[in-house]
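Heads up: the protein sequence lines correspond to chains V and D, in order. In terms of my numbering, the first sequence opens at residue 51 and continues consecutively. In terms of my numbering, the second sequence opens at residue 4 and continues consecutively.
Bear in mind the hints are in silico, worked out from the structure with no lab data behind them. A virtual CB, placed ideally from N, CA and C, is assigned to each residue, including glycine. Incorrect hints may have been included.
Residues on chain D that point at chain V, a partial pick, calculated with CB under 8 Å [as the list claims (entries may be wrong)]:
1) Q49
2) S81
3) W87
4) E89
5) N96
6) P97
Mimicking DSSO-like on lysine-lysine, the simulated pairs with C-alpha atoms at most 27 Å apart in a straight line are [claimed, not checked]:
7) V:K291 with D:K46
8) D:K113 with V:K82
9) D:K112 with V:K82
10) D:K28 with D:K131
11) V:K189 with D:K46
12) D:K41 with V:K291
13) V:K358 with D:K41
14) D:K41 with V:K325
15) V:K189 with D:K47
16) D:K77 with D:K131
17) V:K329 with V:K291
18) D:K37 with V:K291
19) V:K358 with D:K77
20) V:K369 with V:K98
21) V:K329 with D:K41
22) D:K77 with V:K291
23) D:K41 with D:K28
24) V:K358 with D:K47
25) V:K329 with D:K77
26) D:K38 with V:K291
27) V:K291 with D:K47
28) D:K77 with V:K189
29) V:K329 with D:K47
30) V:K325 with D:K47
31) V:K325 with D:K38
32) D:K77 with V:K325
33) D:K46 with V:K82
34) D:K41 with V:K189
35) V:K329 with D:K46
36) D:K46 with V:K358
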Amino acid sequence: MKRVVAIILAGGVLALCADDGYTLGHGLKTDKLPITIGGYVTGFYSTKSNGQSTVSLDDVAIMGHGDIAPNLNAMVEFESAGFYEKVFQNGTADERYKGTLRAERAYLTYTFSDAVAFRVGKFITPAGRWNQTPVPVFKDTFSKPRLSTEIFPRFSTGAMLFGSVPFDDIVGEYNIFTQIGPDLDPVYNNIETSGSIGGSLGVTADDWSGGVAFGKFKNIKMHDTTQYLGLYQSYSLERLKLSAEAFVSYDEYDVIGSSDRVFKKQSYYVQGVYKIVPKLFGVWRNEYFKNEFTNDSGVINTVGVNYKPHPAVSFKLEKQFSSQNANDAVIASFSVLF
Amino acid sequence: MRNILFIAMTVPALLYGDIVFVVAKTSAVQPLSKKQLKEIYLKKQQYANDIRLIPINMPASTHVRNVFDRSVLKMDESEIAEYWNERHYNGINPPMVQNSPEAVKAMVKKVPGAIGYIDTDLLDDGLKVIATFK
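With these hints in hand, go ahead and build the complete structure from the sequences.
Shown next, in the form of structure tokens:
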């Protein structure tokens, strides 16, 4: 808690030093330091059909970034996930508090040209679209599609080569990354790995984008090696934005004496977001998942609304209909980027 | 009422000339397309002719900025704000803003790679035009 207060106070001091004013969502920039300070906060209330209700101040994150030398950019982000949580079930309430900030991202990027940039540190794994901006304020639902949390590690610690090349009306993009050794801070990573390699190839035009992502990693806790492959696409059509991702992975377990060592996971989602009136969006998502190892499969349909009174503020209300009936849920949430 | 609206919308446009994108006269940056300028001002493209570019914006309240947002970026205020929110999350800041055309011209002349836009009437000998828009 002391650390959080100290960081907020430091932000206040920087605010007093800011020369260019402050815009909500764009961070605080001061000419006295080559960095921009920002962050985000997320809270939600959910109630499930199994009788469990949760109220949570979920994410409290502080980030800083800036050009610290010619062509050299630094980025750090510290987050406390599950900052405060109270779970109600069967007439009892369980209260939890985690004030510790953990390193979510910490990297340096050296840009040689638009076509070649090199990044080292802990960064977001370049797999699919959802995972590239996983903060609720950028999304139209608070709930995440399962493929974004179960197929590949959300973060990687290592090195990445990336860039973009224009071709007439489209831009081609690539990423190649590797992780050798442990995660810089594995606490908030969905999958703890001891090594990985992967990449993605994508194309972006004015109103559509798409690509393919691939990779291989060692899962420390599950003692398996996973290979994954995914496709992603999005289209913008006037008021409607459509997006879809589909991933498949093969987990090879180190099980001595077992003949069935390779298990398949597959998942996809299709999402449509419609601008009903300015600042108000309706959303529908259909997703499917199947995990051979846990013998778990199902379909989830999510419908909801996203009200954005300001581009950096989002209030959402959504209802999830799961083929696993006990997992139906209603979620009300807010998120702010600062 | 319609006549008043028509006059209110057209008179400002008649009062201003074309908008020109400028670099220093000695700069190696060559003429750029509207699409390239959009990519540069969204900081998706950072280089042209092997020179690292520094795009300079005018304040959101100015006529030239409104024309720029509408005809080059083709984005409204809310879309621009959302775009830079996401870029902020990815560690990239919007282009710097200079408060006057004189400040834009001074920066373009002094800083290698700087690129700005001004009203065509404000051109002078120290500048090179790389694109023109109405």
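Hints, one by one, checked against the model:
1. Hint on Q49 (chain D) holds. Least Cβ distance to chain V is approximately 6 Å, under the 8 Å limit.
2. Nearest Cβ of chain V to the Cβ of S81 (chain D): about 6 Å, under the 8 Å cut. The hint holds.
3. Taking 8 Å as the C-beta contact cut-off toward chain V, the hint placing W87 (chain D) at the interface holds, the least distance being around 6 Å.
4. Among the interface hints, the one on E89 (chain D) holds; its C-beta lies about 6 Å from the nearest C-beta in chain V, closer than the 8 Å criterion.
5. The interface hint given for N96 (chain D) is met, as the beta carbon of that residue sits about 6 Å from the closest beta carbon of chain V, less than 8 Å.
6. The criterion of a C-beta within 8 Å of any C-beta in chain V is met by P97 (chain D), whose closest approach is roughly 7 Å, and the hint holds.
7. Taken as a hint, the K291 (chain V) and K46 (chain D) pair is honoured in the structure, with Cα atoms around 23 Å apart against an allowance of 27 Å.
8. About 21 Å separates the Cα atoms of K113 (chain D) and K82 (chain V), which keeps this hinted pair within 27 Å; it holds.
9. Distance restraint check for K112 (chain D) and K82 (chain V): the Cα-Cα separation of roughly 24 Å lies within the 27 Å cut-off, and the hinted pair is therefore satisfied.
10. Of the supplied pair hints, the one linking K28 (chain D) and K131 (chain D) holds, its CA atoms being roughly 5 Å apart against a limit of 27 Å.
11. Distance hint between K189 (chain V) and K46 (chain D) is fulfilled; the C-alpha atoms sit about 22 Å from each other, no more than 27 Å.
12. Our distance criterion of 27 Å between C-alpha atoms is met by K41 (chain D) and K291 (chain V), whose separation comes to about 21 Å.
13. Distance hint between K358 (chain V) and K41 (chain D) is fulfilled; the C-alpha atoms sit about 26 Å from each other, no more than 27 Å.
14. This hinted pair checks out: K41 (chain D) and K325 (chain V) have alpha carbons roughly 24 Å apart, not beyond 27 Å.
15. Between the alpha carbons of K189 (chain V) and K47 (chain D) the distance comes to roughly 21 Å, so the proposed pair stays at or under 27 Å and holds.
16. About 25 Å separates the Cα atoms of K77 (chain D) and K131 (chain D), which keeps this hinted pair within 27 Å; it holds.
17. With a C-alpha separation of about 15 Å, the suggested pair K329 (chain V) and K291 (chain V) falls inside the 27 Å cut-off, and the hint holds.
18. Distance restraint check for K37 (chain D) and K291 (chain V): the Cα-Cα separation of roughly 25 Å lies within the 27 Å cut-off, and the hinted pair is therefore satisfied.
19. Between K358 (chain V) and K77 (chain D), the direct Cα distance comes to roughly 21 Å. Compliance with the 27 Å bound is thereby established for this hinted pair.
20. Using a Cα cut-off of 27 Å, the hinted pair K369 (chain V) and K98 (chain V) holds, with the two alpha carbons roughly 10 Å apart.
21. With a C-alpha separation of about 25 Å, the suggested pairing of K329 (chain V) with K41 (chain D) holds against the 27 Å cut-off.
22. Distance hint between K77 (chain D) and K291 (chain V) is fulfilled; the C-alpha atoms sit about 17 Å from each other, no more than 27 Å.
23. For the proposed pair K41 (chain D) and K28 (chain D), the alpha carbon gap of about 22 Å is at most 27 Å, so the pair holds.
24. The straight-line distance between the Cα atoms of K358 (chain V) and K47 (chain D) is roughly 26 Å, inside the 27 Å bound, and the hint therefore holds.
25. Our distance criterion of 27 Å between C-alpha atoms is met by K329 (chain V) and K77 (chain D), whose separation comes to about 19 Å.
26. Taking the CA atoms of K38 (chain D) and K291 (chain V), the gap is near 22 Å; set against the 27 Å cutoff, the hint holds.
27. A hinted pair counts as satisfied when its Cα atoms are at most 27 Å apart, and K291 (chain V) with K47 (chain D) qualifies at roughly 21 Å.
28. For the suggested pair K77 (chain D) and K189 (chain V), the alpha carbons sit about 22 Å apart, so the restraint of at most 27 Å is met.
29. Distance hint between K329 (chain V) and K47 (chain D) is fulfilled; the C-alpha atoms sit about 26 Å from each other, no more than 27 Å.
30. Distance check on the hinted pair: K325 (chain V) and K47 (chain D) sit about 26 Å apart at the alpha-carbon level, within 27 Å; holds.
31. Our distance criterion of 27 Å between C-alpha atoms is met by K325 (chain V) and K38 (chain D), whose separation comes to about 26 Å.
32. For a cut-off of 27 Å, the pair hint linking K77 (chain D) to K325 (chain V) stands: about 18 Å separates their Cα positions.
33. Simply put, K46 (chain D) and K82 (chain V) have alpha-carbon atoms about 23 Å apart, close enough for the 27 Å limit, and the pair holds.
34. Only pairs whose Cα atoms come within 27 Å are accepted, and K41 (chain D) paired with K189 (chain V) is accepted, the gap being roughly 24 Å.
35. For the given pair, K329 (chain V) sits about 26 Å from K46 (chain D) by alpha-carbon distance, which is consistent with the 27 Å threshold.
36. Between K46 (chain D) and K358 (chain V) the alpha-carbon distance is near 25 Å, which keeps this suggested pair within the 27 Å criterion.
Consistency note: the structure conflicts with none of the earlier hints.
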